[in-house]
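As you go down the protein sequences, you meet chains A and B in turn. Numbering of the first sequence is given in my numbering, commencing with residue 189 and proceeding in unit increments. Numbering of the second sequence is given in my numbering, commencing with residue 3 and proceeding in unit increments.
Derived from the structure by calculation, the hints contain no laboratory data. One or more hints might be untrue.
[Claimed, not checked] Derived DMTMM-like pairs (lysine to aspartate or glutamate); straight-line CA-CA distance at most 20 Å: (1) B:K11 / B:E82; (2) A:K221 / B:E36; (3) A:K207 / A:D296; (4) B:K529 / B:D625; (5) A:K221 / B:E25; (6) A:K221 / B:E34; (7) B:K40 / B:E52; (8) A:K221 / B:D55; (9) B:K11 / A:E246; (10) A:K221 / B:E52; (11) A:K221 / B:E38; (12) B:K654 / B:E675; (13) A:K221 / B:D22; (14) B:K11 / A:E234.
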Amino acid sequence: MERSPPELMQGTADILILKAVSWGPIHGFAISKWLRLATDGCLGFEDAGLYQALHRLERSRWVRSEWGLSANNRRAKYYELTPLGRRQLQREAATWRNYAAAVARVLDAKRLEVAG
Amino acid sequence: MSRFQFPWKTRARIAADVQDEFEFHVRARAAELEAEGKRSEEALRLANREFGDRRGAAEYCNRIDEASERATRRGERLSEIWLDLVYLARSLRRTPAVAATIVGILGVSLAINVMGYTMADELLVRQLPVADPSSLLLVHGESRATGDEVSTSIADYRDLARQTRTLTGLAGFNGRVLALGTGGTPTAVQAQIVTSNYFGVLGLTPALGRFFTQSEDESGTAPTAVISDQLWRDRFQASTAVIGTAIRVNGQPVTIIGVAPPGFAGPFIGFRFELFVALGGAALLDRSVDPADRSAGFLELFGRVRPGMLPGRAALELTGLAVDLNRSVPTNHDRRFRAAPMTGLDTELRSGVVLVVMLVLSLAGLGLFAAALNAGGLLLARGMSRQKEFALRQALGSGRGRLVRLQVLEAAVLVAGAAVLGLILTFGLRRVARLLVPGLPIHLVLGFELNGRMALFLAGLVVVATIATGLLPALAATRADPAQRLRVGGTMGGTDGRLRRWFISGQVAVTFAMLVGAGLLTRTLLKGRAAEPPGAEAIATLPLDVSFGNYDEAAGRTFYRALLARVQAFPGVTGVAYAARLPLGFGNVQATVQIAGVEPPPGETGFRVEINRVSAGWIETTDLPMIGGRAFSSADQPGTSSVAMINQAMAKRFWPSGDPLHQVVLVNGQQTEIVGVTDDARFTLPGRPNLPRIYRNGDQVYSPRAILMVRGPVTSHGIAGLLAGAIADLGPDLPLNPVGTLAANVGLAYFPQRLLGGATIGIAALTLVLAAFGLYGLLAYWVTTRRTELGVRMALGADAASVTGLALRQGMVPIAWGIGAGVVLAVAVGTALRGFLIGVSPFDPAAYLVGGVAFLAVATAACLIPAARAARMSPVSALRGGQ
Numbered sequence: 189m190e191r192s193p194p195e196l197m198q199g200t201a202d203i204l205i206l207k208a209v210s211w212g213p214i215h216g217f218a219i220s221k222w223l224r225l226a227t228d229g230c231l232g233f234e235d236a237g238l239y240q241a242l243h244r245l246e247r248s249r250w251v252r253s254e255w256g257l258s259a260n261n262r263r264a265k266y267y268e269l270t271p272l273g274r275r276q277l278q279r280e281a282a283t284w285r286n287y288a289a290a291v292a293r294v295l296d297a298k299r300l301e302v303a304g
Numbered sequence: 003m004s005r006f007q008f009p010w011k012t013r014a015r016i017a018a019d020v021q022d023e024f025e026f027h028v029r030a031r032a033a034e035l036e037a038e039g040k041r042s043e044e045a046l047r048l049a050n051r052e053f054g055d056r057r058g059a060a061e062y063c064n065r066i067d068e069a070s071e072r073a074t075r076r077g078e079r080l081s082e083i084w085l086d087l088v089y090l091a092r093s094l095r096r097t098p099a100v101a102a103t104i105v106g107i108l109g110v111s112l113a114i115n116v117m118g119y120t121m122a123d124e125l126l127v128r129q130l131p132v133a134d135p136s137s138l139l140l141v142h143g144e145s146r147a148t149g150d151e152v153s154t155s156i157a158d159y160r161d162l163a164r165q166t167r168t169l170t171g172l173a174g175f176n177g178r179v180l181a182l183g184t185g186g187t188p189t190a191v192q193a194q195i196v197t198s199n200y201f202g203v204l205g206l207t208p209a210l211g212r213f214f215t216q217s218e219d220e221s222g223t224a225p226t227a228v229i230s231d232q233l234w235r236d237r238f239q240a241s242t243a244v245i246g247t248a249i250r251v252n253g254q255p256v257t258i259i260g261v262a263p264p265g266f267a268g269p270f271i272g273f274r275f276e277l278f279v280a281l282g283g284a285a286l287l288d289r290s291v292d293p294a295d296r297s298a299g300f301l302e303l304f305g306r307v308r309p310g311m312l313p314g315r316a317a318l319e320l321t322g323l324a325v326d327l328n329r330s331v332p333t334n335h336d337r338r339f340r341a342a343p344m345t346g347l348d349t350e351l352r353s354g355v356v357l358v359v360m361l362v363l364s365l366a367g368l369g370l371f372a373a374a375l376n377a378g379g380l381l382l383a384r385g386m387s388r389q390k391e392f393a394l395r396q397a398l399g400s401g402r403g404r405l406v407r408l409q410v411l412e413a414a415v416l417v418a419g420a421a422v423l424g425l426i427l428t429f430g431l432r433r434v435a436r437l438l439v440p441g442l443p444i445h446l447v448l449g450f451e452l453n454g455r456m457a458l459f460l461a462g463l464v465v466v467a468t469i470a471t472g473l474l475p476a477l478a479a480t481r482a483d484p485a486q487r488l489r490v491g492g493t494m495g496g497t498d499g500r501l502r503r504w505f506i507s508g509q510v511a512v513t514f515a516m517l518v519g520a521g522l523l524t525r526t527l528l529k530g531r532a533a534e535p536p537g538a539e540a541i542a543t544l545p546l547d548v549s550f551g552n553y554d555e556a557a558g559r560t561f562y563r564a565l566l567a568r569v570q571a572f573p574g575v576t577g578v579a580y581a582a583r584l585p586l587g588f589g590n591v592q593a594t595v596q597i598a599g600v601e602p603p604p605g606e607t608g609f610r611v612e613i614n615r616v617s618a619g620w621i622e623t624t625d626l627p628m629i630g631g632r633a634f635s636s637a638d639q640p641g642t643s644s645v646a647m648i649n650q651a652m653a654k655r656f657w658p659s660g661d662p663l664h665q666v667v668l669v670n671g672q673q674t675e676i677v678g679v680t681d682d683a684r685f686t687l688p689g690r691p692n693l694p695r696i697y698r699n700g701d702q703v704y705s706p707r708a709i710l711m712v713r714g715p716v717t718s719h720g721i722a723g724l725l726a727g728a729i730a731d732l733g734p735d736l737p738l739n740p741v742g743t744l745a746a747n748v749g750l751a752y753f754p755q756r757l758l759g760g761a762t763i764g765i766a767a768l769t770l771v772l773a774a775f776g777l778y779g780l781l782a783y784w785v786t787t788r789r790t791e792l793g794v795r796m797a798l799g800a801d802a803a804s805v806t807g808l809a810l811r812q813g814m815v816p817i818a819w820g821i822g823a824g825v826v827l828a829v830a831v832g833t834a835l836r837g838f839l840i841g842v843s844p845f846d847p848a849a850y851l852v853g854g855v856a857f858l859a860v861a862t863a864a865c866l867i868p869a870a871r872a873a874r875m876s877p878v879s880a881l882r883g884g885q
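Let the hints inform the model, and build the full structure from the sequences given.
Structure, rendered in structure tokens:
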């Protein structure tokens, strides 16, 4: 799969979801809840989009799923990270950190005297 | 414990899963909102709104999941096939003999088919390497009275070429052997004397130099020549300096002006012409050519049809032109023209070739059919021994489809191996096939090249063989109910045993028919041997043509006289003579004979009879018996009165009651006395009518061409060497042709029979081996499954003979059915071969008898081995179920 520089919406969603499933089997509802908590609701997006992203990530073999039983004994679909997905997460996270750092450096920069 | 599910998800199942997943989310969120104090309907509404576009998301997820599912299935199928292959490799290693047998028999029959196809491809499918061959027409001149083909004189050709409007060009050629000298002893090359527009009409461009211009058609111009690419490489080391150099052709200087494009070697498939000499030089190379003589046929014609013109129109126009020509030229009174597509094969030859090729291909197809049946039978037999394994796999949930696929895959692997073996064998068999092509006096080329069409043909055969070998046994082996097959002692259901017997019977039928076909052709060839003069192997033959040396009549006579005297003195030589044609050779030449008191057919001036020209000593050399009168002697000379011999058929035809001796007849207008009558039985192919034939005296009637015949120790290579020395001495400017034997020449007349016979015997031997395998397998299997029963019989007092008989009977029933069907098939094969059976009836009892005996001998041997093993069994161990 080609890697493109993170676009704000889809790219952001994908990396956040990969992070969310990286601690072990988790169902969609729990991911949604965790995302809301972790971002203080700043990056809230529709749950419909979350599920589309999950299925897309599964197609890319970055996550895999299995049906299981939830805490209150309901049938739920649990997702977890595949080794492939873990590598993808590391790559994307590094890219994101560099990107964020670069943007932050620019925003904090003083005026430059350009020689010439 | 969840309910059983197929490992593969359906489309509906995928959609339901997506809905379940979403529903879980919404309900969980609603429960959360309820816990925060919302009313339950309100909570559900809010949860749904928060979720967003549920339908859109569901559609998207369904699509993605279906794609994932397809990828998974593909992956699983691949891994299943991989597992099957691993399993196959193991089972093939466990039974290498079965695998090797199947690969062997299918490989040999595929090779025979590929050979047959390459022959068809070479002779019938491939096109001449010229521009747009489909618009080229061969234009045959023929006699209205007899239908015989007649060449066109040079003068007539010029008129036709000038007048035709339907053809963009009319060209002509005269094929002949010319003596090519480039220093040292000249060599004979296949050549054509061609009109200047020959290459232009064919649409070729020279690889080097130029082609002819119109002025080179004119008699008296300095002779020029174009050489083939092959000759250019072989004789002139592909040097560009060859253009403009002079070579010697028939002793005359000829200038090379061009090299033909690679791959072009004249307008006929199978023949390779190396030298093309412009028409203007013809008279210099051959003194007998007279460009002004309208009665002297010289050229074969071909032309290119004007675009948009139908070939039929061209034939009509040329016939019309011929009528005009006939009116102005009385010597051509009965000439007409016929146009035929230029396929590279002579029209009549082509129909014969089509027949031979179709026969070879059908026979090869039958052979492959038998081989595939047999391979299938072997797999079926092994399938039976794997019955329990299959039943177990099926009971454990392996689909029938997968089991069938396993067997078809197995067949495909074996057939693929056979195809590789077949290709290797094809390369090997090419040599054998070339050996079948006898030493022709002309250079006949059968390249047997492998090409794309042949690969396609082979691929088709592989598919068919795979289906025949794998699918049928697989379906049979997995048909029955697994539970029944798993039961202890369970054997194949009756239907499957019957299927196997059918296999055997079919094979017996094909084998028997092949053996009869081989017998019929062998009998034909044996009869042909009987037609040879006794000791034909001991008669050396050497074609000679003093026109190569440009000798005039006096020089030619001197040469022949000196040569005969020289050869007579060779050690071991008991006879020497020359003749215009060899007995049973190709073609015949006719003379017009007028006989006093016998009325010729209406419209004719005399009778047409076969004619040969032989020297004194010819009767003694060929050992042909005289019925009456005398043979030619050295006293018959150009100055003495003209004498001739006739055969019995001619004597009976024209003098049914009287005595032909000392009668004087007109042969081609010349008074000739009949001095002898020869036996004719021997020089006629068996089953063919004895045609009237007259022998003129070669010492009296001169021709530059003759075939020298020497009876003596040919095998020691002594004669060939001595002859070469004599010719180098007496005619150093003459090319040396290869020395052959009369027997080889007679064999040439049987070329189609030899080719077909070789193929049929090969295929018959193959099918016979296959049938023997099949019978052996059938009986061995029967003995294995009936071990207990046979043990009981022996314990109760049955002796070895009765047990053997019981087992043999199992084999004899399918054999009897097979031979019954085989007789019908053999009649069909015999009828198809009818045209090739000379003097042998298609229902020849000897062939049927030999075929039947050969078959029964092999079949009985194949059956006896397992039957005898049954009789040798110890009843105790048989009953115990051990060995």
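Verification of the hints:
Between the alpha carbons of B:K11 and B:E82 the distance comes to roughly 18 Å, so the proposed pair stays at or under 20 Å and holds. As the CA atoms of A:K221 and B:E36 are separated by approximately 16 Å, the hinted pair is consistent with the 20 Å bound. At roughly 28 Å between alpha-carbon atoms, A:K207 and A:D296 are farther apart than 20 Å, so this suggested pair is violated. Simply put, B:K529 and B:D625 have alpha-carbon atoms about 19 Å apart, close enough for the 20 Å limit, and the pair holds.
Proximity of A:K221 to B:E25 is assessed by CA-CA distance (about 16 Å); at most 20 Å being required, the pair is judged to hold. As the CA atoms of A:K221 and B:E34 are separated by approximately 11 Å, the hinted pair is consistent with the 20 Å bound. Annotation: proposed proximity of B:K40 to B:E52 holds, straight-line Cα distance about 15 Å (limit 20 Å). Distance hint between A:K221 and B:D55 is fulfilled; the C-alpha atoms sit about 18 Å from each other, no more than 20 Å.
Between B:K11 and A:E246, the direct Cα distance comes to roughly 16 Å. Compliance with the 20 Å bound is thereby established for this hinted pair. For the suggested pair A:K221 and B:E52, the alpha carbons sit about 12 Å apart, so the restraint of at most 20 Å is met. Annotation: proposed proximity of A:K221 to B:E38 holds, straight-line Cα distance about 15 Å (limit 20 Å). Using a Cα cut-off of 20 Å, the hinted pair B:K654 and B:E675 holds, with the two alpha carbons roughly 17 Å apart.
The hinted pair formed by A:K221 and B:D22 meets the criterion: a straight-line CA distance of about 19 Å does not exceed 20 Å. Of the supplied pair hints, the one linking B:K11 and A:E234 is violated, its CA atoms being roughly 28 Å apart against a limit of 20 Å.
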